[in-house]
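Enquirer: Okay, here's what each chain looks like letter by letter:
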Amino acid sequence: MIGKGFGRRKRVRKVFLDKSTAHQSERLSSSLEENKTKLLAIFDSCADAVFRPFDIGGQRHAFLLYIDGLIDNAQLDESLLKPLMSGTASEMPHDDSELLPFLQNRLIMISQVKRTAEWDRIEREILHGSVVICVDNQAEALVVGLAGGNTRSVDEPASESTVRGSRDSFTEILSTNTSLIRRRVRSSRLKIELLTVGEITRTDVAIAYLKGITNESTLREIKSRIQAIEIDVVLESGYIEQLIEEKTYSPFPQFLVTERPDYLAAALLQGQVAIFTDGSPFAISAPMTFWGFMQAGEDYYERVLYINSIRVIRFIFAMIALLLPSLYVALTTFHQQMIPTNLLLSIAAAREGVPFPALVEAMLMEVTFEGLREAGVRLPKQVGQAVSIVGGLVVGQAAVQAGIVSAPMVIVVSLTGIASFTIPRYNFSIAFRLLRFPLIILAGMFGLYGVSIGLVVILVHLSGLKSFGVPYLFPVAPVTWQGLKDALFRAPLWTLYLHPQTGGKKLRRKGSG
Amino acid sequence: MPARMLLLLLFVPLLSGCWDRVEMNDISFFMASGLDLSEDGRLKTTIQVPIPAGGGSGGESGKASTGTFGKTYYAVSAIGTNIFDAERQIQQKNSRHFFKGQRRVVFIGEALARKGIQDILDNYARDPRSRMRTYLVVAKGSEASKLLQNDHPTERIPAEEVRELERSGVGTSVTFRDFLMTQARDGIVPVTGAIELVPPAVDPSNGAASKFNMFRLSSTAVFKDYKLIGYLNDIETRSLRWIKNESKEEYFGDSLPGLSGNIGIVMNDIKSKVNVIMNGNRAQVRIQLRGTGTINESNVDLKLSRLSNMTIIEKRFGELVARQTLQTVKKAQTEWRADIFGFGLHLHQFHYRTWKKVRSQWDTIFSEADVVVTADISLRRSGIIGNSFEHHGAEKK
Chain A
1 MIGKGFGRRK
11 RVRKVFLDKS
21 TAHQSERLSS
31 SLEENKTKLL
41 AIFDSCADAV
51 FRPFDIGGQR
61 HAFLLYIDGL
71 IDNAQLDESL
81 LKPLMSGTAS
91 EMPHDDSELL
101 PFLQNRLIMI
111 SQVKRTAEWD
121 RIEREILHGS
131 VVICVDNQAE
141 ALVVGLAGGN
151 TRSVDEPASE
161 STVRGSRDSF
171 TEILSTNTSL
181 IRRRVRSSRL
191 KIELLTVGEI
201 TRTDVAIAYL
211 KGITNESTLR
221 EIKSRIQAIE
231 IDVVLESGYI
241 EQLIEEKTYS
251 PFPQFLVTER
261 PDYLAAALLQ
271 GQVAIFTDGS
281 PFAISAPMTF
291 WGFMQAGEDY
301 YERVLYINSI
311 RVIRFIFAMI
321 ALLLPSLYVA
331 LTTFHQQMIP
341 TNLLLSIAAA
351 REGVPFPALV
361 EAMLMEVTFE
371 GLREAGVRLP
381 KQVGQAVSIV
391 GGLVVGQAAV
401 QAGIVSAPMV
411 IVVSLTGIAS
421 FTIPRYNFSI
431 AFRLLRFPLI
441 ILAGMFGLYG
451 VSIGLVVILV
461 HLSGLKSFGV
471 PYLFPVAPVT
481 WQGLKDALFR
491 APLWTLYLHP
501 QTGGKKLRRK
511 GSG
Chain B
514 MPARMLLLLL
524 FVPLLSGCWD
534 RVEMNDISFF
544 MASGLDLSED
554 GRLKTTIQVP
564 IPAGGGSGGE
574 SGKASTGTFG
584 KTYYAVSAIG
594 TNIFDAERQI
604 QQKNSRHFFK
614 GQRRVVFIGE
624 ALARKGIQDI
634 LDNYARDPRS
644 RMRTYLVVAK
654 GSEASKLLQN
664 DHPTERIPAE
674 EVRELERSGV
684 GTSVTFRDFL
694 MTQARDGIVP
704 VTGAIELVPP
714 AVDPSNGAAS
724 KFNMFRLSST
734 AVFKDYKLIG
744 YLNDIETRSL
754 RWIKNESKEE
764 YFGDSLPGLS
774 GNIGIVMNDI
784 KSKVNVIMNG
794 NRAQVRIQLR
804 GTGTINESNV
814 DLKLSRLSNM
824 TIIEKRFGEL
834 VARQTLQTVK
844 KAQTEWRADI
854 FGFGLHLHQF
864 HYRTWKKVRS
874 QWDTIFSEAD
884 VVVTADISLR
894 RSGIIGNSFE
904 HHGAEKK
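If you're matching them up, the sequences are chains A and B in order. For what it's worth, the working numbering labels the leading residue of the first sequence as 1, then goes sequentially. For what it's worth, the working numbering labels the leading residue of the second sequence as 514, then goes sequentially.
Simulated from the structure, these hints should not be mistaken for lab results. Hints should not be assumed to be uniformly reliable.
Said to hold, decoys possible - Over the 10 Å line for every Cβ pair with chain B, so calculated as not near, a few chain A residues:
no.: 1; residue: S30
no.: 2; residue: N73
no.: 3; residue: A139
no.: 4; residue: G145
no.: 5; residue: G148
no.: 6; residue: T151
no.: 7; residue: R189
no.: 8; residue: D204
no.: 9; residue: K223
no.: 10; residue: V304
no.: 11; residue: V354
no.: 12; residue: S452
no.: 13; residue: V457
no.: 14; residue: A477
no.: 15; residue: W481
Unchecked claim - If you want the footprint, here are the derived chain B segments under chain A, 3+ residues with CB under 8 Å:
no.: 16; stretch: 534–546
no.: 17; stretch: 552–566
no.: 18; stretch: 609–619
no.: 19; stretch: 667–678
Even for Gly, the Cβ is constructed at its ideal location relative to N, Cα and C.
Chain B with its partners taken away, still in its complex shape:
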């Protein structure tokens, strides 16, 4: 018996060819995909694949690995009826197997996003090889394929830069998982980050720098019924993230209302509390913003070492934040009638009976809701100097 089992074991190595072993040399890593609308209304898929450099001298002298044509990546596109068809066509151009496990970002061209992305989401959710933690990003004012072909000054793979941007917490970062979960929920409209290509210098004619562009995660794309309906700019995105408790830290550099001069503040530990009450057929939304912060820059005519002056700044800054937030909510109410903040979700979760009654006309109710924003700001530190320099020695107040 043991002899027979040993004999069986001898056959095991023969099986090895049947298993899903893939050598790294036979893989094309998808670093990013881009989806666009082609001219004939079909789907154009672009993928970004790194060019692994080396060719036998991998260990030699550690020189920067640049592949063919001095590039570290290449982008391929194909036009097909759906994602699968397009990828099938790309595979025909590429002997290496596609590997989606490392995909970081999926770009969606603005035209496609406005037409609707319902159809494309299915493939990403269904295919077990693609990761739900891939970031979903709208290519603002551009085609996704353009973003995939843009060289970046520091990153070898441009998609890596976009991923890092999304992770760094400077703007809206939404993965497929987040998007689909939000989409499936009642009383909230999903958003994604929006990336635009910008020249690195303010003056684009500036020689070498104009060869490549930078990615800028500046705005938030709003999707209602799977269709892109508009963008929030960076200030509005900040407000959105604060209301949704999505960020821990925000940066403000603004003029303060009622004071001459401006101020730079880092807000840490920011929180918000949303309360929605139905008053008949009218919603009353109360948003309380809270946070503690540090003054990093002060060009205000106040001596910050005085507590009373700090209180003034806190108050004015609170007013500023509340005003910005209110404007953001108003924009969503009037322009899109889209509840991106999840006020309806709040009702759904905390006042389900009320929600059942208002669910069907929530968009209207949301757009007509009375919104009150209060901000409770405390500034803990004012930096290591007292007066600002331009008022040094004036010793006012």
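Looking at chain A on its own, in the form it has when it is part of the complex:
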């Protein structure tokens, strides 16, 4: 399953579609009765489909059909049904061919009105929240866009909090999400293209990019990969991410996943291509680099000295999250001479009654911690408190007092746990959490030698990793001096006048000079 490079297709779980519902090339007939039978057959046993026959201006028979809950009912009554039903008969054209333009131009007071004769399009539009009106003696139907209904409003981001920065986050509605971006990037160069993925779910997937900044070939590649997806179900942006990413079996993510519009806008302005999935409050964006994952959006909002010191802390803690338990195991079981004497004596005293080898102790504690964390995520909010109390007591104190684990190990594990939360991108911190375990085992078997081997393997893997053609360690390897201004450290904003080259072109950010 590990795809090599560009241009491969993903074939995923294609179900056999019932041919009776396939009506690709069929068109409407001019008989209202026939159309009615046909439409009701399509939406047979769909309790939420509302069928409503009526007369236009008291003369022409017509009916409309929509899905309850997907549309704005008040507007339907006020702006559609009311003018249609109360329309005066005198003004009505007698010519059949002029009827639909007349309805469109004079009576329907709604902006999105289209005419179509294709059944599959009608079906799709209804399922996307449109009202379909069929009129007697007309071989075309009117499709009125009235999408609405109950949706979650724009809320504060739940998983990415920040001290400074905007407080809105994406919702489940695609159009809301794209509008949040559009509000930040008021440029017609921001292009949003719509695709549909999922043969059953027919999920709208929007690709957003900035024309002229985004690398065209990256864009083409992403688009073609999305188009190549053959799958029935897309429920979350994670489906898209997993289906188009390059290295499925790498612990390192290749997409930015965010629910913050300001982060995503920044990503777009850096030349990335964003992908929205209808129904998911998480947008994904690529190509991403290692250093990009280590940055938070706040890095650009706060002042440069503060942010650079924070970045130093962040890298130190990322190293702690990855290495501390394995270093502890390696030092205490192989390299006792490397520990300062007094510290060594303290550790020796604490370890004196512990029945397990340090390796087992470390694995035990790390697994327990990860379990507690998982429990904390899954538990209902009402009992969440219990986990932290029990977890803190069990892991922190009782285990030490019972002599099952040593106190230094508790310190190591809790420090590691805290350190993994300092990595700004959640999906990136997972890589560090995962890689910790093989490193602990290597440390327990080969000491520092094993840890070094593990690190070399990770480094080799990272050097070979690419996200849509951009090397993962860019701009450190391969090095570009312009890029280094915003990798480990961030230079002042006014020095960052070139667009970063992650998939983008060398363009000046500022209008002049």
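Got chain A; can you put chain B on it based on the hints?
Expert: Just chain B now, kept in the frame of chain A:
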């Protein structure tokens, strides 16, 4: 192929038992070793091992960790033909593996040191598990095993106190590496620090304080041909360290010649320059001592805020330092005929042709050398008061 490699990887954990992994619970840390001459002339080795306290309640209430019998360490000895044999016998008494990577100090009993330490050095230099940065210390006037069994009031592990003493720069500090390097050189005789046990209070009958003794790094042991031949006392050690440029800071509290009263001076930034010239078969040694200092105590009848008075003190103090240094050199010349200062090394390094001629009789030449010591002292600060209190208001000079 990848499947076969994965299968191989599965066997890797089985190998883990073969590697040199040692749990901390299975290690005896050597904190210090002591070497003595046993009654039958064999080697008595004593080791000091900490008792890691805890036993399951390591995290509890942070109480001072005292192990069995309320002790934080224990000492074991064995008598053997050589160090390895003695350690082998100690290992038979101890299930935990010896770990020498943290050893700080090796004590050598005075009797053994006088007999010669050539044989014991081999093990320390050869065994990769022992560190060359371990301090080598002579137990002055005592057996090494006594020093290893002495409780210390502050340190949990007594050897730790000795190490800190050596590191603090109050006296001669010589590691195995230093000793062996000096020994291997031509024209210099190695020295080590010497530690003696002293009661903490001047009056040893003073109750609780007499239960334990303090370590005192007071003197320097001189080794000629691997044999201890004598000690330099603390004043002489100071001079030795100044000549050899080994210290950056020295403390002086002495009466000044030609002045009534005494003075306390901290010398910083001290340096020396040694020049050795062969004049026929006679060596002429010129030692220039330099340094800047601060007056921390003055019981001299002089107003120190005056520059002229400071000059007087500088001059007198220089005389004192030069005299002390000269006495030290004379002691080495007359008592031991041992060039602990490295004058021969100076010739070796700067006048090699001359050195080749005098090398064989260097001890004699050294003992007969003419030595001139000059001291160039500048005192930068005299503290924050002018006169000393007892002469306050007298306003003399």
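Enquirer: Decide, hint by hint, whether the structure agrees.
Expert: Comparing the hints with the structure gives:
no., hint, in the structure
1, S30, "64 Å, holds"
2, N73, "59 Å, holds"
3, A139, "61 Å, holds"
4, G145, "53 Å, holds"
5, G148, "54 Å, holds"
6, T151, "48 Å, holds"
7, R189, "46 Å, holds"
8, D204, "40 Å, holds"
9, K223, "33 Å, holds"
10, V304, "41 Å, holds"
11, V354, "7 Å, violated"
12, S452, "15 Å, holds"
13, V457, "12 Å, holds"
14, A477, "27 Å, holds"
15, W481, "40 Å, holds"
16, 534–546, "holds (count 8)"
17, 552–566, "holds (count 3)"
18, 609–619, "holds (count 4)"
19, 667–678, "holds (count 3)"
In this structure, the one hint that does not hold is number 11.
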